[in-house]
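Trainee: In case you want the letters, here they are:
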Amino acid sequence: MNFVLTAVCVLGAIALVAAIVLYVVSKKFAVEEDPRIGEVTALLPGANCGGCGFAGCSGMAGALVCGADKGSIEGLVCPVGGEEVMKQVADALGITVAIAEAMVAVVRCNGSCAHRPRIAAYDGLHTCAAMHATGAGETGCGFGCLGCGDCVEACLFDAIHINEETGLPEVDENKCTSCGACVKACPRHIIELRKKGPKGRRVYVQCVNMDKGAVAKKACEVACIGCGKCEKVCKFEAITIEKNLSYIDYNKCRLCTKCVDECPTGAIVKINFPLKKMVNTEVVSQESEVKV
Amino acid sequence: MKLFTFRIGGVHPQEHKLTADIPTKEAALPKAAVFPLGQHIGAPARPVVKRGDKVKVGTLIAEANGFVSAPIYSSVSGTVAKIDTSIDATGYRQPVIIINVEGDEWEEGIDRSSELENMEAHPELTAEEIIERIKIAGITGMGGASFPTFIKLCPPPTAKAECIIVNAVECEPYITADYRLMMEHAAEILVGLKLLMKAAKVEKGYIGIEENKPKAIELLTELTVEDSQITIVPLAMKYPQGGEKQLVDAVIGRQVPAPPAIPVNVGAIVQNVGTVFAVYQAVMKHKPLFERYTTVTGEHIKQPGNFLVRMGTPFKDLIAACGGLPDGDNKVLAGGPMMGKSVISLEVPVTKGTNSITVLTDADAHRKPIEPCIRCGKCVEVCPMGLEPYLLATLSAFKHYERLEQEDVVSCISCGSCQFTCPSHRPILDNILQGKGVVMSRIKARNQK
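Here the protein sequences line up with chains D and P, keeping their order. Heads up: the first sequence at position 33 corresponds to 33 in the working numbering, and the numbers run straight through without jumps. Heads up: the second sequence at position 355 corresponds to 355 in the working numbering, and the numbers run straight through without jumps.
Just chain D, same shape as in the assembly:
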């Protein structure tokens, strides 16, 4: 009995001393954190994907609160939560915010097996990074998609997959949070974040080949040959040609789709436009391929 009593007393005394020490320390060395950071963190999705540019959601919350104190949280967007979450955060912080337009990852290569013949076989390490470092890949195009799926691996949201038939990655735009992980993973910088557009409609050049027209066309039949027809037909100065490659500025593009009809190789595509209005049958087939 004595035994038990001693043990209880000793342990109790240790517990008491420890409790006092802990209490004093916690008061003395307390780190004051803005309670709003915790609140905002709770509102954020908690994916810790890093898409916002911070290490995780609490980092983003800290930046948001800091920004709110300065009066603006412009430029801070949670790509995963999107508009909805940003609105909630703005309400919680008591400020108004202009919501950034939704973005989505687009794969700017249409060099499927049918369009871009394989001229060699690659037998090395099965990653795009390794293939890109060793050579131009299995086709004659030194710019296009390598198809090993580094982007698929990088995606935390299961939003990008390689289509077995075409050998190219396809983005599920409902799942894509535009965090940009695939953009960073692609050694050839094929994937770009573009505005999702009204009703998901968007027009872009589905090629990144900077070779001269004849060379590009020989390697891939749907390559941009830099002919400049799209640049001429565009009324909004949205299209620029640089290094034999056309680029459409999504901030200027009004989705008139004239360039799509004009493009001789079908390198410019339109997504999520109603099918019946299509004129060019070739583009229809491409569209259905790209569409998810």
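Take every hint as true, because none was put in to throw you off.
Think about it this way: if two alpha-carbon atoms lie no more than 27 Å apart in a straight line, the pair counts; the simulated DSSO-like pairs of lysine-lysine are:
id: 1; chain 1: D; residue 1: Lys218; chain 2: P; residue 2: Lys82
id: 2; chain 1: D; residue 1: Lys184; chain 2: P; residue 2: Lys444
id: 3; chain 1: P; residue 1: Lys341; chain 2: D; residue 2: Lys218
It should be emphasised that the hints constitute simulated quantities derived from the structure, not laboratory data.
Dock chain P against the given chain D, drawing on the hints supplied.
Mentor: Below, chain P alone, put in the same frame as chain D:
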């Protein structure tokens, strides 16, 4: 005869020296010659000709662009067709000069006679003049890496050269270009070595030859019996003995520290035997570098052979001269099977560094299925740089670049011994190279800050 070799690691692949006894033939002139502007380590050369210009054999067509760079000379006479881009061995497009061949007219001043010019006949040549002529002739290392030769002869002030080591090892399987060169031009090579010794102001020259070339060892030993300055060093057969650092260890028994140290930090300047011959021709015959010895080989090639090739000749011409490619899919390597790079198209031209074209058939070229690592440690045993390849490969695959740098991945010489020896056929070197590339660019970025 005591045989030397390097101390750490090494493997011994089958030799397959099919073409060792086939005398060198002059390859036919191509219809059009293609000269990549970046065929050496360093800045690509700058073109000095334009479309429509007439050039002769030995005309300067591109000048050195910066300190680490080399000029390029035309190997053919004809008209400049265009300055454009064309695919290189990797498949990426690089700037090139394309010349349509018309006749075979040489620049005046190039001594085409085969008469041997001795050192004694030219006492007026100073070290500076020899280096200048080597620089002007556009000579780069001809063993494969293509580093401008004159830079090696001007060591940094912190290091002092004590000897020249000629790399006549040719440890890669299949290749015999250097061997044939030694058999056919031994006397010229010795004069070239003397020139290099004078240029680097050293008193000692070594020629390292592996024992599988007994005739070359005998021939060169005979020629140097009365010469106390030059020693022929027979070496045991071991790959990668042709690596600079391994050769220095094998011949003079000194180990080169980790990068950025280079062989001259331990007193040695290593030059390939092909480079030495080119030096002889440049200095004594005023002939810039525009042709080289190349082996075209492979188990299933009908008539493999050794060729004296004008640079710019496409691979397909040389392969056609050997009876064409075997049927079916083939893997064509620029270089030997251990370190050669497979080419994506036969339009790729012979450049300063093309010592061999090796053709492997489909069956030989494919890799075996990858099995799990069984921790046997063979890769560690054979690594000539004393690294731990299995660890580097794993760190690289998992992108642990800081640790990778600590484990000294930059010392890797990409010899491929680890992958060659791995019983599980793991892509060890592929992974290491991937990580090494990232680490090198990180170091570069850090140094620029």
